Amino acid sequence: MKDEVNALSMQSTNEDEVSSVPPSVVAVVWMLAHREWVRFFRQRNRVIGALGQPILFWLLFGTGMHTAFRGAGQDFMTYYLPGTITLILLFTAIFTTISIIEDRKEGFLQNVLVAPAPRSTIAWGKVLGGGMIAWVQGLIFLGLVMAMGQVPVSGGLAGALVLMAVAAASITAMGVLFAWPMDSTQGFHAIMNLVLMPLWLLSGAFFPVPALVAGSPVGQIVMHWIMRLNPMTYLVAGLRRMLGTVVENPEIWVPGLSTSWIVSVGFLLAALAGAWWVVQRPARGDIR
Amino acid sequence: MEGNEERWRRHALLVDNVEHRYGDRQALRGLRLEVSAGELFAILGPNGSGKSTLFRLISTLVPVQAGEIAVFGHRLPGAQHLVRQLLGVVFQSPSLDPKLTVRENLRCGGVLYGLRGAPLQARIQEVAEQLGVADRMNDMVETLSGGLKRRVELAKGILHRPRLLLMDEPSTGLDPAARIDMWRALKELQKSQRMTIVLTTHLLEEADRADRLAIMHEGRTVAVGAPGELRRELGDQVLTIRPPLPEVERWLADRGIEARCVDDEIRVTGHDVANLVPALAEQFGRQIQALSVGQPSLEDVFIARTGHRYWADRAETPAA
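The listed protein sequences correspond, in order, to chains L and E.
Quick note: the first sequence uses this note's numbering, first residue 1, plus one each step.
Quick note: the second sequence uses this note's numbering, first residue 1001, plus one each step.
None of these hints come from the bench; they were simulated from the model.
Hints may contain errors.
[Said to hold, decoys possible] One-sided and incomplete, this derived list gives chain E residues near chain L with beta-carbon spacing under 7 Å:
no., residue
1, V1064
2, Q1065
3, G1067
4, E1068
5, R1084
6, K1099
7, T1101
8, L1112
9, I1257
10, W1311
These numbers come from a predicted model, not from an experiment.
Note that the Cβ used here is the ideal one computed from N, Cα and C, for glycine as well.
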């Protein structure tokens, strides 16, 4: 078949003008990821939105909640640090995946859909591009915090950086899963408020997971299990443990480090599979 | 069987008995079309005639439901991958990223079709010069005029030297000067690269510039041929009478003259229909508001084949 194509193209064009060859998946993914980078840094408001707001929250809540929060001798700024990092990753991933809807509206996506590159490259390009942007934003924040010396960061920094990358990739992949079928950014905002923000709030990022003790009220039991079944809880807990900001307390439940890793990697694989699956499906917005 | 295979291979584009439905609505009804290699072929039709659906099917954006489409002998559904490599697709809606420069957009387009590195750079430069956008390479696409954007789209579409360039309503949103400019570029591509070009359009005057055209109506082709040929079939004159008086129709019918009543006028096509003017004026002079004689246009072809006016359901924007 292929020889035939080449033969035909030789007939109609000059000898040196060979018809196109199948694109390399790696090259296409890299191109799409690179495009995410360029777009992100050209839109200043996105940089400010994704990094500025969590930092503001961290400073405001950290100082504001200082007296109200009693986390066994830990101040709220320290407690809230892994949660802020996760929020930065979440915000950046949301902004990146919202661009799927814009790409479709602006028509860029159509071109990718009719090109010989496999559709999965769209998902991998977003995850790589968006995940890297999120990760770097998280790094910037962590660097700022460490430079200020506000929070004692001890423990395995390298491990924390790897877990941040896992978190960034899985949250971005989850964003792709939600954004793909949407034909308006309003719809995505609804998902963000109904699913993604509660997922973050109930991850131990903002308040600890209550431990189950004898005589726990029903509400606490329910809350415990909701938070325990939330994969994001393990991302936050893993970061907390590796940054050395965890405080053992019988009233608080924190998953162990190895459990956190296993669940986080499992979540990443599931999110990637979900993103791969969803982009194979035709979306309503493709047909305009 | 052999002969059939040969038939498939001989054409740049072959559409055979294609049907397409969106839910209850049937957009294409057993459509057939043959485009030879090297042709500049226009698919003309008013809004809702099915031409955009056809474009989506050929471009592989939407899977073929029934029937077959072949591009240089490679059939859809099935050889989707090969077809995608042979096609260059230019959409009606802009497909450039406004936040990227012209060069970055072209690079994206090239990578998607397997071009990379130095050959891609060289090809981008070559195409940019060919289409006159070389001096705007580092400008953000959002700062370009509509005509320039369209030229960049075209540049992106031909980067990988497609055998068949497929364009959806290429002159939408272009001013007359930019339209002429675009057509010059297309003719040049056709000549220098021997590229086959298939475009959809709802503009009669645009279809007139193509080598051949197919007129679509309600999901079928109602006429296929060279523009001049199609017009000549109707004779060399058209007589238009307004308003459409029943007595005029009867008068014409009595004389065995075939007339067509379309909306608010009666149209008679044929040779020497101008000779009817004095008799008509004498007979119905008081009742007739307007009598005019002209050459048949593609609109007359459309009317003759469908019994409808071309712009009857005219809307500002072409069908999605």
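Structure-based check of all given hints:
no. : hint  : in the structure
1   : V1064 : violated (14 Å)
2   : Q1065 : violated (13 Å)
3   : G1067 : violated (19 Å)
4   : E1068 : violated (16 Å)
5   : R1084 : holds (4 Å)
6   : K1099 : holds (5 Å)
7   : T1101 : violated (9 Å)
8   : L1112 : holds (4 Å)
9   : I1257 : violated (46 Å)
10  : W1311 : violated (23 Å)
Going through the hint list in order, the structure does not satisfy hints 1, 2, 3, 4, 7, 9 and 10.
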